[in-house]
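**Student:** Under this note's numbering, the sequence shown has 4 at position 4, and the numbering climbs by one with no breaks.
By construction, these hints were calculated from the structure, which means they are not laboratory data. Just so it is clear, CB atoms sit at the ideal spot from N, CA and C, and this is done for glycine as well.
Have a look at the derived ranges for each label pair, beta carbon to beta carbon:
1) Q31 with D7: 13 to 21 Å
2) C10 with D45: 27 to 35 Å
3) A29 with Q52: 14 to 22 Å
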Amino acid sequence: MQYQVPDMSCDHCVKTITRAITEAVPGAAVQADLPNHRVTVTGTDDKVTVEQAIRQAGYSPTAA
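The task is simple: from the sequences and hints, build the whole structure.
**Tutor:** Below, the structure written as structure tokens:
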């Protein structure tokens with residue numbers, strides 16, 4: 001799954017989003033592309049939980 005997260009702007013954002021996803025979906029792997037504001041999540045098909053985790057962390061994801 002890939003998400004555009006336009007308000008992900010620094011390493012702190014990456015760490016916050018990564019932690020939120022891995023806590024919500026244990027076993028998920030998160031890869032962030034900061035320059036392109038893209039987050040890739042593997043190891044799960046639970047799109048709803050992943051998107052909710054990103055939103056609850058304070059960011060605005062859209063499916064990419």
